[in-house]
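For the protein sequence lines, the chains are Z and L, in the order given. All residue numbers for the first sequence refer to the numbering used here, where the first residue is 1 and numbers rise by one. All residue numbers for the second sequence refer to the numbering used here, where the first residue is 1001 and numbers rise by one.
Treat the hints with caution; some may be incorrect.
A partial selection of chain L residues facing chain Z, derived with a Cβ cut-off under 10 Å [stated by the list, open to error]:
1. Gly-1041
2. Gly-1043
3. Gly-1045
4. Ala-1115
5. Leu-1119
6. Tyr-1120
Don't read these hints as lab results, they were simulated from the structure. Glycine is no exception: its CB is placed at the ideal position from the N, C-alpha and C atoms.
As a plain string of letters, each chain reads:
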Amino acid sequence: MRDRDIKVYRPRSLNGLLRLYSLDPDALLYAGGTAIALRAAAGRERPFRLPPRLIMLGNVPELGRITRTPRHLDIGAGVTLGRALSTGRNVLPAVLAQAIASVGTPPVRNLGTIGGNLCAGREDGGAVPSALAVLDGQVELRSAAGARWVRAWLAEPRRGEVLTRVRIPMEEWQAQGFRRLASGLTLAAAARLGRGALETLHFCLAGSDFGLLRSRELEDSLKNARLPLAPRARQGFLRELEERLTIPGLGSYARATAVRLAGWFLDRLDEAGPG
Amino acid sequence: MPSVRVRFRVNGEWVQAQGPLDRRLIDVLRQDLRLPGPLEGCGQGECGSCLVLFNQKAVNACLLPLFAAADAEVFTAEGIAGARAFAGLPGWIRRRGLAEVQRRCGRCAPGMLVALAGLYLGNPEAEAEELADALSGNRCTCGTGARP
Ligand SMILES: Cc1cc2nc3c(=O)[nH]c(=O)nc-3n(C[C@H](O)[C@H](O)[C@H](O)COP(=O)(O)OP(=O)(O)OC[C@H]3O[C@@H](n4cnc5c(N)ncnc54)[C@H](O)[C@@H]3O)c2cc1C
Ligand code: FES
Chain Z
1 MRDRDIKVYR PRSLNGLLRL YSLDPDALLY AGGTAIALRA AAGRERPFRL PPRLIMLGNV
61 PELGRITRTP RHLDIGAGVT LGRALSTGRN VLPAVLAQAI ASVGTPPVRN LGTIGGNLCA
121 GREDGGAVPS ALAVLDGQVE LRSAAGARWV RAWLAEPRRG EVLTRVRIPM EEWQAQGFRR
181 LASGLTLAAA ARLGRGALET LHFCLAGSDF GLLRSRELED SLKNARLPLA PRARQGFLRE
241 LEERLTIPGL GSYARATAVR LAGWFLDRLD EAGPG
Chain L
1001 MPSVRVRFRV NGEWVQAQGP LDRRLIDVLR QDLRLPGPLE GCGQGECGSC LVLFNQKAVN
1061 ACLLPLFAAA DAEVFTAEGI AGARAFAGLP GWIRRRGLAE VQRRCGRCAP GMLVALAGLY
1121 LGNPEAEAEE LADALSGNRC TCGTGARP
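This is chain Z alone, in the form it adopts within the complex (with noise of 0.2 Å):
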């Protein structure tokens, strides 16, 4: 590689970005670059593989921004996984929060972006993006041709695309919940209670051999079913999902622990309800 081959672009503002890369869309995009570094510690490259082309989005203030209105959080692409956590501490759903500080290690956050944690791959279970799928959040994605919003788990860049912001709708939930177990299975679930009743449950389980699984039909299973859960209605749910998990690949043990998961999640609805 020679020296004139080698760019490394570090544009200050979206527009500046979008249109750079535009012009180089083979360039790579550089967040905190910690799911580069380990994408080549896996491939046993030492230290790092990176094209001759690189955009740091690190310097884009649009991405760094972290905004609230009544009805959504609005959190920039380039804000750390630590930022996210210590800014959002009283604003972060419970769930949330607690899928983004199952990531790495505080300083591995501290260099890590929610951006780069969607458009990374899912290798790891897929926390975050679990979490935000009960929370039905959304990403944009932006190009020099426009803006279009996506649902934040499905966030697959296209050429040109850049994800700019993740937006997670404010709703209050009674109940949220987030267990990540050491072989990367991942439960994430919400739910709305009134009246002694569960009103509304998101539900999503995600590891690195299924991918994400969240259901409507399941979770309106338990639609409007009263607290605590009775043992034909809390059984029916949990049949029914181990069913939906009978994936080639996935083995017996894998599948009782995922089901035994969302166990413990029903016992919290149980403790939660009736008051």
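Dock chain L with the ligands against chain Z, hints included.
For chain L with the ligands alone, coordinates are given in the frame of chain Z:
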């Protein structure tokens, strides 16, 4: 022929460094600047031996390519020990019952000092749980380390 050339501040002094695009910050600190504080352990962000303060946050120098350090302010453990901004740090650490961090075998102590310095700057009122979390990215490999 070097490929990138970058200026940044280390322990209060401007420095210039150069190297291939994927040269790591830890290598520049140890090899060019002869700073022994950041140690190489796992080399992939897991052990915390290489921590430095990077724009006031504790980060893994093994994960940072040199080009990402342009214009940054970096402090290593030795710089923290000598800087006025951190004059209150030893007392702060002692009051939290963590003085033993500095008496370890030396392998993880610099990284732990950096992690605590980052917390001291960002959240000096940190409670026990936050202290434990701040040190959760530092691995003690000799086994002498009690944790908060
Ligand atoms: C020790 C260690 C432990 C880790 N543990 C976890 C873990 O538990 N869970 C987990 O999920 N991850 C983990 N990671 C991976 C990583 O730290 C996180 O996913 C992090 O949030 C990635 O963000 P980043 O800013 O560093 O992304 P980068 O590495 O900068 O980028 C990742 C990818 O996303 C693209 N990209 C970045 N930002 C954008 C954007 N705004 N628009 C479009 N594309 C973009 C980049 O081009 C690149 O392909 C770990 C990493 C390390 C080193
Ligand atoms: S050497 Fe950097 S974290 Fe282990």
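Quick rundown of the hints versus the structure:
no.: 1; hint: Gly-1041; in the structure: 13 Å, violated
no.: 2; hint: Gly-1043; in the structure: 7 Å, holds
no.: 3; hint: Gly-1045; in the structure: 5 Å, holds
no.: 4; hint: Ala-1115; in the structure: 7 Å, holds
no.: 5; hint: Leu-1119; in the structure: 9 Å, holds
no.: 6; hint: Tyr-1120; in the structure: 14 Å, violated
Checked against the numbered hints given earlier, the structure breaks hints 1, 6 and satisfies all the rest.
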